[in-house]
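Residue numbers (this note's numbering), protein chains in the order written: chain F, 1 to 387; chain E, 1001 to 1390; chain Y, 2001 to 2257; chain V, 3001 to 3306.
Hints were generated in silico from the structure; no laboratory data involved.
Every residue gets a Cβ at the ideal spot worked out from N, C-alpha and C, and that includes glycine.
Treat each hint with caution, since some may be false.
As the list claims (entries may be wrong) - Below 25 Å or equal to it, Euclidean Cα-Cα: the simulated DMTMM-like pairs (lysine to aspartate or glutamate) are: (1) Y/K2123 x F/E33; (2) Y/K2106 x F/E345; (3) E/K1167 x V/D3002; (4) E/K1032 x F/D89; (5) E/K1247 x V/D3152; (6) E/K1330 x F/D89; (7) E/K1096 x F/E266; (8) E/K1247 x V/D3002; (9) E/K1032 x F/E33; (10) F/K206 x E/D1095; (11) E/K1119 x F/D217; (12) F/K34 x E/D1055; (13) E/K1030 x F/D89; (14) E/K1032 x F/E345; (15) F/K7 x Y/E2121; (16) F/K34 x E/D1155; (17) F/K220 x E/D1327; (18) Y/K2174 x F/E266; (19) Y/K2106 x F/E33; (20) F/K7 x Y/E2138; (21) E/K1329 x F/D217; (22) E/K1347 x E/D1095; (23) E/K1091 x F/E345; (24) E/K1283 x E/D1155.
Claimed, not checked - In silico negatives: residues of chain F with every beta carbon more than 10 Å from chain E: (25) K7; (26) R9; (27) G242; (28) V378.
Claimed, not checked - Some, not all, of what chain E presents toward chain F, calculated at C-beta under 8 Å: (29) A1094; (30) D1095; (31) A1108; (32) K1119; (33) T1204.
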Amino acid sequence: MSEVMQKLRTPLLPGVVALALSTAYLIALLAAEKQPLIIGLLAFAVVAVLAAHYLGWLNLVSRSFADREDVLGIYAILAACVVAAFFHDNHFVLLLFVTVLLYTVATLGLNIQFGYAGVLNFAGASFFGIGAYTSAVLSTYTAVPHLLVLLIGGMLAALIGSLLLLPVLRTRGHYAALVTIAFALLLKTFLEVNDVLGGPQGMQVKGMSILGWSFNDNFKIGKIEMSFYLNYFVVSMLLLTGTFVLVRRLERSWIGLNLDALRLDEIAASCFGLDIARWKITAFLLGNFLIGIAGALFGMVGGFVAPNNYTFADSLIMVSILLLGGIGNPWGLVVATLIVVVVPEKLQTIQEYRILLFALVVIMMLLFRPEGLLPRPVRRYFPGWRA
Amino acid sequence: MSRIARQLSFIFASALFVGALVATAQAKDKVKVGFIGPLTGGVSANGLGGRNSADLAVKLRNADAKAKYEYELVVLDDECKPNVAVQVATKMAADKEIVAAATHYCSATAIATVDVYHKFGFPIIVWGAVLPDITYRAKYAEVHRVNGTMINQNDANAALISKIGFKNVAVIHDTTDYGKGHNEYFSKAFAKLGGKIVGTFGVTADQQDFTAELTQIKALNPEVIYFGGLTPIGVRIRSQMDKLGIKAVFDGTSGIVSDAFIQGLGPLAEGSLAFREGAPTEKLPGGKFFMENYAAQKYDNPPEAYGAFSFAAMDLILDSIEKVGPDRKKVIEELANVKARDSIVGKVTFDDHGQNTVAVITKYVVQDGKFVEWDDSEYATGKRKLPGQK
Amino acid sequence: MTYLLEARGLTRKFGGVVALDNLDLAVVPNEIIGLIGPNGSGKTTFFNVVTGIYGAHGGSVTFDGADITRASSPAVYHAGISRTFQRSRLSLPLSIFDNIMIGNHKRLNQGLWFNLIRRGEFKREFEANYGAARTLVEVFEPQLAERMFEPVGGLPMIDRRRIEICRALINQPKLLLLDEPSAGMTHDETKELMDDILQVRDLNRNLTIIIVEHEMGVIERITERCVVLNFGRKIAEGPYRQVAVDRQVQEAYLGVE
Amino acid sequence: MDVGLLAQYVMNGLMLGMMYTLVAVGFTLFFGVLDIIKFSHGDVLTVGAFTALATYIGLRSAGVGSTPLLLLAMLVVAILAMAVLGMLIARYLVMPLRSAPALNTLLITLMLGTVLRELVRLFYPQGANPKPFPALLPTASINLGQFNLRLDNALMLAAGGLAIVGLQLLLNRTKLGLAIRAVAQDEETARTMGVNFTAVVLITFAIGSALAAYAGIMNGLYYNEINFGMGLYLGVIGFAAAIIGGLGSIYGAILGGFLFAALQTIGTVALPFASAYKDVFAFTVVIALIAWRPTGLIQEKISERV
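The shape of chain F in the complex, shown without the other chains:
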C-alpha cells in the first residue's frame, strides 16, 4: 500500500542558498581579526536573520530543510569541509571548529536524555570528562587502538552513569536534578583528590594515531602544509554525522515516540503498556555513551585533561546550549553550539564578560523565547513524504 505516501516536491534552492550564505559568512567571521570588523559581522548577521525572518524567507529555508533534509544534510557536510579546507593551515580556527563539532555530538547525547525522554542530566560535562580521562589513561598506559579507545570511553561513561540509574529512576523533578548535580560535584572532587588520575594537575593525553598515521603531526598535500587538526576534523565530522543520523532515526521511530510519551505523561504512557524504566534507562545510557565518545575524542584533540574542565558550570553550559537551540531539534543544537563556542572566542573585547553575557542571553531566552532559536517541529516519520 505504498501509494499511501507520495514524495513532496519542496524546492531545494532556499536551503542551498542559506547554506552557501552561512558558509561564506562563517568563513568571513572566523577569518576576521579586527574587532570592529567582527562586531560589524555579528551585527550584520543579527540584522540579516531578522530581515529574512520578516520577509518570510526563513520559512522557505526551514521548509526545504524539513522536507529535503537528506540532500541538504550532505550539502551541510560539504560546507563544513569547505570551511575546514579554507583554514587548512590555521591551527586555532580548526581547533575551534573541531570543538564545535564534538560539543554538538555531546549535546546531541544530552538531547536524547533530556529533550526526548525528559531525564534530567546536570552532569553532562562529567560524562564528557569520563570519556576524556578514559582516553588519557588508555593512551598513556596501554596500546589499545585509538578508535577502540573512543568506544571504551563511551562505554565507561554509560557504565559509570548506570550507577546513578536507581536514584534517577526513583526520583522526579528537583530531586532528580540533585542526583546529577551531586554526581557532577562528586566526580570533580574525586578527580581532584585522586593521585592516580593526576589530581588537580590533570593528565597529558597522547595524540590519536590510526594505523601508524599520527594525528598530531602536520602533513602536506602536494606542496601545501596542512594543520594536524585537519585529521581531527575528519574524525569529528564522521562522528557527528553518525550521531546526527542516529538521533534523527531514533526520533523518527516508535522509540522516539515512546520517549516523548514518557516525558510528557508517565502515567498515561504506562497505562498504554510503556515500560517507563526500560526506556528511561535506554535514553540515559545511550545519551551518556555518545557524550562519552565525544569526550574521549576531545581529550585527544586537547591533549590534556584536568578536573576543572568538567565542572558543574560546564554541564550547565551544555544544558543551556540545548535550551538555546531548541530542545529536541538537532539542527538547533548545531547552530546554538556554533554561537556559544565561536562568538566569545572571536569577540575578544567581551572575553572577560563572556560568561556574564552568556548567562544573560539564556535568561532572556527563558523569559521571551523558551522554545529556543529553532523550536522542534512535530515529528515526521519520513520527511519529504506526505501521507
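Model the placement of chains E, Y and V on the given structure of chain F, informed by the hints.
Chains E, Y and V only, in chain F's frame:
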C-alpha cells in the same frame, strides 16, 4: 523584490568576506611576543607584577632606536589553572604571528603546558614557576626558565628551621604538582637534618574550611606547620590556625611571598617564614635600574617577587629576535646557546634542559607587615622570638 | 456465566479515607456498564486500581480469567484493558497520529535494530498503522483524518476527547474504561461523542465498556446496566431506570445519610 | 579519642552545619510557597557578604570606629539590600515562569546565580581575588585541653540558632506565617481565604534572601575571608541539604544541613582515606540517601492526580 534583496545580501556578505581576507594580511615590521600569567584569581598580584615587568621590557625596547622591529605584547591569563593554561597556551602557540613568550607563575600551569609548546615548536621562557619537572621531566628545546627550582629553596628552608631548633613539623600542601613537589623536597631535606614530619595533609587548591585538618594537627602538636602552596589558601590556613589556638610557626614557600599574603592576614602574618630563589630585587645587579624604570611607568601594581625574572625573560626573548629575526626555529637555536649572559637577575646560563641555575636563596620572615630578609630581621638577632624559638 | 472483569471485595485506602470499601463488581462480555455516584464515591479510584496505578489494599481483580490485582499498568494494558482519563491526558505537543500510536504500543515493533536500521520494514509497518489510525479517526470526525500530523494542542475539547478515545481503541482492547468522557463539553458535543462511541461499538461487537459519567442522559442512553457507588461501597445495581428511583441512590446524590 | 579533640570536631561541625542550615532553610521556604528551586540563593549570599564588606570599608573610611556600630550597620544594610534583591528576583524572574516547566525556573535561577557571581567578580574592585573580611567579634578564648572555644564562634552559633528559632516563631505564631503556610499548603485555598498570593511570595523571598545575607556575613566573620565563588559551593550544599531533608520542611532543612556537615567532618577524621575525600564521601551518601528516600528523609507527600 525578494530576489533583489537576496542578491544584495549575497553581495554584501561576499564584500565583507573579501574585506576580512584583506584584514588578515598584517603589517611586516611588527613582531608579536607573548606573556602568560595569572591575571585573575588568588595569585593575580604576582601575575600582574610579571605582566607589567614584561610590558616594561617591551616598552624599553620599542623606545630604543636601534631596535630592528616594533614589538607588540600579547597577554593571556592562565588563572593559575592547568586547564585554562592549556587552552591559552594552545591559543598562543597556534597563532603563527607570535614568535616567543614568557610564561607562567604557577608550576601547575607550567608543567601542564610544556607539551603544548613542544607540539607547536613555540619557544618560551618560564618566569616564575619553580617545579623542577618543568625543565627536567622532558628535554624540550622550546622550554627554558630564568628562575631557579624549588629544590634549593627547600634545602634552605629545612636548614633554617632546624638551625632555630625546631624538630617536629606538620606539612600541609595543595595537591597540585607545586604543592606535591614542595612536600617531597622539603620532607627529604628536613629528614636529612634529623627533623621529624609528624603529619602530612594534602588539601585541594579551592578548599575553604581547614578546621578539620588543623584540629588533627593540633593533636599532633608540632612546633612548625610547613605549608607548600600559594597565597590564598595560605591566608585561610594561617587564620584558621589562630581560631583553633594553634601556636606553631607558619613556614611557607615562595608561593606566599606576595603583599596579598600580608594584606590578607594583617597582624596574624607576623613571624611567618617564606623562601625565594634569587636575591631580593633591590640587591640584584640590575635591580636599581629595573625598579626606577618600573616606577617611571606608574603601573598600579608592584612588580612583586618575580617581576624582575619576568623582565629578564622577556629581555632575553627580545635580544634573540633582534639577533636572528622573528623566526621560531631560529629563536630556539639562539636561546640554546645562552651562556653567562648578563641580565638584571645576574648572569643567565641555560643548561641542556634550558634551566638557568640560580644558587642564591633569600630567606624571608614577616616583620611589622613586611617580608624582611631573615638575616636583617630582629628574629635573627634574637630581639624578637618566633613561638617556641630558643 | 463467566465474567470478563470481576472485582471481589476490592479495598483501597488513602490515609484514613476509604476510597474503595470491599467492592464487588462483575462485568459480562460485550455489555456497557455505567459506573455512577456522587463525587469522591470511588469511581475513578476503581479505574486506577484496576489499571494498576494504585495498588489494592484488599480483595482481588480478575480479568479474562487471569488475576490482575497486582499487575502493573503496562501488564493490564497488554491483557486487553484500555482507558481514558477524566482530565484529558493527551500529549499536547505531539501530533494526532502520535497520540493514537501511543495507544497502539503493544502492536508496534519496539526492537532497536528494527527501528534504527531496518527503515524499509519500519516504513511498511508505519504505513499499515497510519491506514488503521486514519480509518478509526474517520469514524469519529472525517476532517480530523486530514490533519493527522498536526499537534493536538491546537484542537478543541471535543476533538481531543475523540482522539483520546481513538488512542484507547486503536489496539482493539477487550475492555474500555471511559472516565467522564463528557467532562468539559457542551451537551450537544457530548451527544455527538456518544453516537460515535456507539458507532464504534457496532463495528466491534465484542467490545465491553465501563463508563463513569455524571451526565445521566448519557448513562440512560448507552448503558445496559449501572452500578452506583457511595463512599466506595456499591449501594445499587441494575438498569438505569431502576437504580434512578432507588431511595438510597437519591439520598446519596442529595447527600443525606 | 581525646575528649577535648572530640569537642573541637563537634564545634567545627556545628559551625559548618549552622551555615549550611541557614542556606537550606531558604531553599525550603521558596519551594514551600512556589514549588520551585531558586538556585541563585547561594550567590545572593555572596552578594550579601560583599555588600556587608563594602559597607564596612565605606564606614571605616568615613571614620566610624566603634565595632558594634560597624557590625550593626553591616547587618542592616546587607539584610535589607538582599531582601529587596530577593523580591526583585521573585517578581521579575521567578513568577513570570510559573506556568513553564520546573526546569526552566531551575535554569533561569542557575543563570541568575552566574550573573550575580560574575558581577561581583568583574565589577567589585579586584573582585576576582579573595577579600579579607574583618573579625569584628571578640576573640577571647578558653583552652580546655585540645578544645579551644572562641567567644566569636560561640556568638555566631547562638546568632544562627536565634535566626532559625525566630523564623520558626514567625511561621507558626504570626498572621504572616499563617498566610505563608496556607500558600504552601494549597495556593487556591489560600487565595479563597483572601490571602494576597503575590505579596506572600514576595515577602517569603525577602525573608529567605535576608537569611542568605545573614549567613554570608557569618561566613565572612568565621573565615575572615570571602570570595566571589563562595556562594556556588554553599548554594549547592544548601540545596542538597534541603533535598535530603525533604523539600518544604524547615525541620528537614535543619536536619539536612547538620547532617551534611556531620558527613564532611566524619569524612575528614573518622574514615580511613585522606581528608580531601570528605566531599566525595558526603555526596556519595547524599546520592545513596536520595535513592533510598526519593522524596527526602522527612517525607513530603506527593499525590499524583489522575
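Hints, one by one, checked against the model:
1. Y/K2123 x F/E33: Distance ~50 Å between Y/K2123 and F/E33 Cα, so the pair is violated.
2. Y/K2106 x F/E345: violated (51 Å)
3. E/K1167 x V/D3002: holds (24 Å)
4. E/K1032 x F/D89: holds (19 Å)
5. E/K1247 x V/D3152: holds (19 Å)
6. E/K1330 x F/D89: holds (21 Å)
7. E/K1096 x F/E266: violated (56 Å)
8. E/K1247 x V/D3002: holds (19 Å)
9. E/K1032 x F/E33: holds (14 Å)
10. F/K206 x E/D1095: holds (22 Å)
11. E/K1119 x F/D217: Cα-Cα ~8 Å, so holds.
12. F/K34 x E/D1055: holds (22 Å)
13. E/K1030 x F/D89: At roughly 22 Å apart (the allowed maximum being 25 Å), F/D89 and E/K1030 satisfy the hint.
14. E/K1032 x F/E345: holds (19 Å)
15. F/K7 x Y/E2121: holds (18 Å)
16. F/K34 x E/D1155: Violated. F/K34 to E/D1155 sits at ~51 Å, over the 25 Å cutoff.
17. F/K220 x E/D1327: holds (21 Å)
18. Y/K2174 x F/E266: holds (23 Å)
19. Y/K2106 x F/E33: violated (59 Å)
20. F/K7 x Y/E2138: holds (24 Å)
21. E/K1329 x F/D217: holds (17 Å)
22. E/K1347 x E/D1095: violated (32 Å)
23. E/K1091 x F/E345: Within the cut-off at roughly 10 Å; holds.
24. E/K1283 x E/D1155: Holds, at roughly 22 Å.
25. K7: Given that every Cβ of chain E is farther than 10 Å from that of F/K7, nearest at about 26 Å, it holds.
26. R9: Consistent with the label, F/R9 stays out of reach of chain E, its closest Cβ about 20 Å off (over 10 Å).
27. G242: Holds, because the least Cβ-Cβ distance between F/G242 and chain E comes to about 27 Å, which exceeds 10 Å.
28. V378: Since the minimum Cβ distance to chain E is about 27 Å, F/V378 lies beyond 10 Å and the statement holds.
29. A1094: holds (4 Å)
30. D1095: Hint on E/D1095: holds, closest Cβ of chain F at ~6 Å, below 8 Å.
31. A1108: Constraint on E/A1108 satisfied, holds at 6 Å.
32. K1119: With Cβ-Cβ at 6 Å, under 8 Å, it holds.
33. T1204: holds (5 Å)
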